[in-house]
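Here the protein sequences line up with chains S and V, keeping their order.
Here the numbering used here is used: the first residue of the first sequence is 196, the next is one more, and so on.
Here the numbering used here is used: the first residue of the second sequence is 169, the next is one more, and so on.
You may find that some hints are simply not true.
Unchecked claim - If we take Cβ atoms under 8 Å as the criterion, some of the chain S residues that face chain V in the derived model are:
(1) Leu323
(2) Val327
(3) Gly333
(4) Ala337
(5) Ile346
Derived by calculation from the structure, the hints in this document are not laboratory data.
From a predicted model like this one, the values you see are computed outputs, not experimental measurements.
Built from N, CA and C at the ideal position, the CB exists for glycine as well.
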Amino acid sequence: MTNRRRAAGPLLVIALSSIALAVLDASGQSFWQGLVINLGLFIILTVSLNLTSGFTGVFSLGQIGFMALGAYVAAILTLPLQEKAAYLPDLPSWIAGIHLDQLIGSIPAGFLVATVIAAALACVVAWLVGRVLMRLSGHFVAVATLGFLVIVRVVLFNADSFTRGSRTFSNVTPYTNLWWTAAWALLAVYVVWRIKRSPYGRDMFAQREDRVAAQAIGIRVMDPRLLAFVVGAFFSAVAGSLYAHFITSFSPTVFYFDLTFRVITMLVIGGMGSVSGSVLGAIFIVGLSEALRRVEDSTLLYGLSSIVLAVIFIVVITVRRDGLLGQREVPLDRLFDPAFWRRQGRPMDTAPERDQSP
Amino acid sequence: MTDYVIQQVVNALSAGSLYALMAVGLAMVFGILRLINFAHGDLMMIAAYLAVFSLGAGLPLEVAVPIMVIGTVAVGLLMERIAYRPIRGAPDVAMLLSSFAVGQLLQNGTLLTTRLAGKPTLIAFPSPEQLSGIISLGAITVPRVNVVSFVAGLVLLGLLTLFVTRTTLGLSMRAAAEDLKAAQLVGIKVNRVVATAFAIGAALAAVAGLLYSVQAGQINPYMGFTPVLKAFIAAVIGGFGSIPGAVLGGFVLGFLEVLVTALAGIGDLLPQGSVPPEVRTFLQQWLPSALASYRDAVVFIVLILVLLARPQGILGRRDAGDLE
Numbered sequence: 196m197t198n199r200r201r202a203a204g205p206l207l208v209i210a211l212s213s214i215a216l217a218v219l220d221a222s223g224q225s226f227w228q229g230l231v232i233n234l235g236l237f238i239i240l241t242v243s244l245n246l247t248s249g250f251t252g253v254f255s256l257g258q259i260g261f262m263a264l265g266a267y268v269a270a271i272l273t274l275p276l277q278e279k280a281a282y283l284p285d286l287p288s289w290i291a292g293i294h295l296d297q298l299i300g301s302i303p304a305g306f307l308v309a310t311v312i313a314a315a316l317a318c319v320v321a322w323l324v325g326r327v328l329m330r331l332s333g334h335f336v337a338v339a340t341l342g343f344l345v346i347v348r349v350v351l352f353n354a355d356s357f358t359r360g361s362r363t364f365s366n367v368t369p370y371t372n373l374w375w376t377a378a379w380a381l382l383a384v385y386v387v388w389r390i391k392r393s394p395y396g397r398d399m400f401a402q403r404e405d406r407v408a409a410q411a412i413g414i415r416v417m418d419p420r421l422l423a424f425v426v427g428a429f430f431s432a433v434a435g436s437l438y439a440h441f442i443t444s445f446s447p448t449v450f451y452f453d454l455t456f457r458v459i460t461m462l463v464i465g466g467m468g469s470v471s472g473s474v475l476g477a478i479f480i481v482g483l484s485e486a487l488r489r490v491e492d493s494t495l496l497y498g499l500s501s502i503v504l505a506v507i508f509i510v511v512i513t514v515r516r517d518g519l520l521g522q523r524e525v526p527l528d529r530l531f532d533p534a535f536w537r538r539q540g541r542p543m544d545t546a547p548e549r550d551q552s553p
Numbered sequence: 169m170t171d172y173v174i175q176q177v178v179n180a181l182s183a184g185s186l187y188a189l190m191a192v193g194l195a196m197v198f199g200i201l202r203l204i205n206f207a208h209g210d211l212m213m214i215a216a217y218l219a220v221f222s223l224g225a226g227l228p229l230e231v232a233v234p235i236m237v238i239g240t241v242a243v244g245l246l247m248e249r250i251a252y253r254p255i256r257g258a259p260d261v262a263m264l265l266s267s268f269a270v271g272q273l274l275q276n277g278t279l280l281t282t283r284l285a286g287k288p289t290l291i292a293f294p295s296p297e298q299l300s301g302i303i304s305l306g307a308i309t310v311p312r313v314n315v316v317s318f319v320a321g322l323v324l325l326g327l328l329t330l331f332v333t334r335t336t337l338g339l340s341m342r343a344a345a346e347d348l349k350a351a352q353l354v355g356i357k358v359n360r361v362v363a364t365a366f367a368i369g370a371a372l373a374a375v376a377g378l379l380y381s382v383q384a385g386q387i388n389p390y391m392g393f394t395p396v397l398k399a400f401i402a403a404v405i406g407g408f409g410s411i412p413g414a415v416l417g418g419f420v421l422g423f424l425e426v427l428v429t430a431l432a433g434i435g436d437l438l439p440q441g442s443v444p445p446e447v448r449t450f451l452q453q454w455l456p457s458a459l460a461s462y463r464d465a466v467v468f469i470v471l472i473l474v475l476l477a478r479p480q481g482i483l484g485r486r487d488a489g490d491l492e
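With these hints in hand, go ahead and build the complete structure from the sequences.
Structure, rendered in structure tokens:
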């Protein structure tokens with residue numbers, strides 16, 4: 196099958212989504228726009244957690260810590276000078292002078308630069324932390340990364356001169372819109388999908404399935420794990436920056452366990468190891484949460500949505516541990532492959548793709 | 169100075185025995201099932217709510233405590249039956265995640281119940297007379313609840329030791345923790361042993377929940393999260409899956425926390441002329457008073473160091489650590 200034909204399916208989906216986004220953008224329906232941005236953020240988070248944890252089996256509970264890092268670093272960087280002087284008077288002078296609020300035409304280039312800087316910083320932290328923590332496995336890495344999350348939270352609460360401590364960090368310019376979110380989400384999905392089909396991705400899955408066997412045939416354990424951790428941290432921080440410039444005011448309490456658990460739910464329901472599964476899991480849970488939130492608001496039964504999500508989670512773990520798709524993908528790349536449609540009764544590609552054409 | 173040290177030691181012993189009570193429950197379940205039950209902290213929360221409601225209904229402490237313990241044990245057993253038994257033997261991480269979901273369920277179930285009962289999310293804990301006030305011995309004054317916590321911890325852990333060393337059920341529990349399959353082969357009923365571990369863990373968590381709430385003065389549906397993290401650290405430091413290790417780890421953690429709090433800002437606290445100025449500057453630089461608010465971070469850094477350097481903990485078995 197030609198590359199052009201393989202690309203046709205995904206491109207069709209991207210084109211249709213772009214048209215839908217353009218319609219939504221023009222409609223001025225701020226509720227639906229907000230919901231779609233929220234969905235985009237969760238897609239980025241779930242896909243990056245899938246890379247970090249689903250691909251490698253090294254379960255990280257610290258991902259939201261990187262998100263928090265991205266949110267605070269990017270927000271501090273884009274804050275205009277006067278606001279910075281008013282809200283963060285104790286910033287060290289070399290940071291206080293930075294203000295990435297420049298526009299090129301109508302494009303907030305400063306926001307893009309700030310997001311990339313924040314994400315790069317998250318990568319450095321992830322590399323340092325990962326070199327130590329990726330040696331652990333199973334429960335222990337989960338709890339050690341949870342420790343990382345707690346440490347980030349304690350630092351956010353106490354580093355007053357950078358984060359305003361427990362007070363709300365506000366007056367962030369609302370740069371995040373549908374297009375920024377969609378573009379970053381697309382990039383995250385593409386990068387993670389490419390990693391899955393790359394030799395690195397195969398190493399990740401191999402050491403996840405059987406570490407000793409993988410090591411015995413010369414597959415490194417540390418390198419693929421670290422790569423997954425660092426790239427996952429990059430996109431989590433991007434999601435953090437997008438979140439900060441979307442919600443415009445936030446405090447450290449947001450970046451804690453509830454959010455972590457929500458992303459994990461999306462990942463497990465979609466299938467650990469499936470990129471398209473993560474996207475579907477995010478769509479399902481964001482949609483369901485929104486519907487349940489409305490029920491909560493009208494019946495005043497607060498807590499109901501979390502209860503329903505927890506029950507769904509327990510049922511999925513008990514009955515169908517692989518989630519919706521397991522490691523498989525929705526075969527978008529074979530949408531225009533006549534041979535695929537001739538085969539009956541196999542809507543998903545059950546075997547991993549062998550073809551490695553670039 | 170001596171009074172200050174003694175007071176801090178009592179604080180450490182009190183905190184340590186609460187951590188130990190919690191950590192033992194985690195360790196017993198982990199020893200048998202290799203499950204880190206993060207919902208264990210929520211049992212503590214359930215106990216606190218049961219205590220608030222029975223004390224609020226005008227029941228005396230002697231009646232409220234049994235109601236609280238029995239109710240919490242029932243929740244603990246239900247949790248095992250519904251959420252953990254069906255996935256027994258699943259990969260470690262699946263069980264861990266399931267316990268997070270159980271925790272969410274208990275927290276939000278409590279939230280929903282209190283809302284339906286017309287109560288606020290944050291409830292002041294009505295400290296019973298027997299647990300409030302202070303005890304003073306000469307110049308030393310300590311809150312009564314701290315002393316009660318330490319004594320209660322000591323008594324309950326002593327009873328637990330008798331149980332696991334002197335009774336058949338206790339011995340089968342240790343056998344199951346040693347080797348689950350072999351224990352099954354010699355006729356030990358695993359379901360009964362697991363249920364016992366959950367029941368004992370829940371009962372200890374209930375007592376810890378009551379004492380913790382008296383110390384905190386208020387309760388909310390999410391109060392179990394930090395204590396279960398601390399209990400987990402205690403269990404890891406002591407050696408995961410080992411009951412004596414969990415107790416030891418609890419007290420080590422209690423002392424560590426008090427030490428961090430007490431050492432923070434020590435450079436400013438020392439009397440004039442007691443140390444050379446260079447030492448004082450050094451202390452002010454490396455142990456600033458702001459360190460106290462970083463206590464939880466310090467504790468987790470210790471946890472990570474233990475996991476890396478000695479994953480089997482102080483008393484644990486070598487095979488408890490699933491490491492490279």
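Hint check:
1. Leu323: Because about 12 Å separates Leu323/S from the closest Cβ in chain V, which is outside the 8 Å limit, the hint is violated.
2. Val327: holds (6 Å)
3. Gly333: Constraint on Gly333/S satisfied, holds at 4 Å.
4. Ala337: Holds: closest Cβ of chain V sits about 6 Å from Ala337/S, inside 8 Å.
5. Ile346: holds (4 Å)
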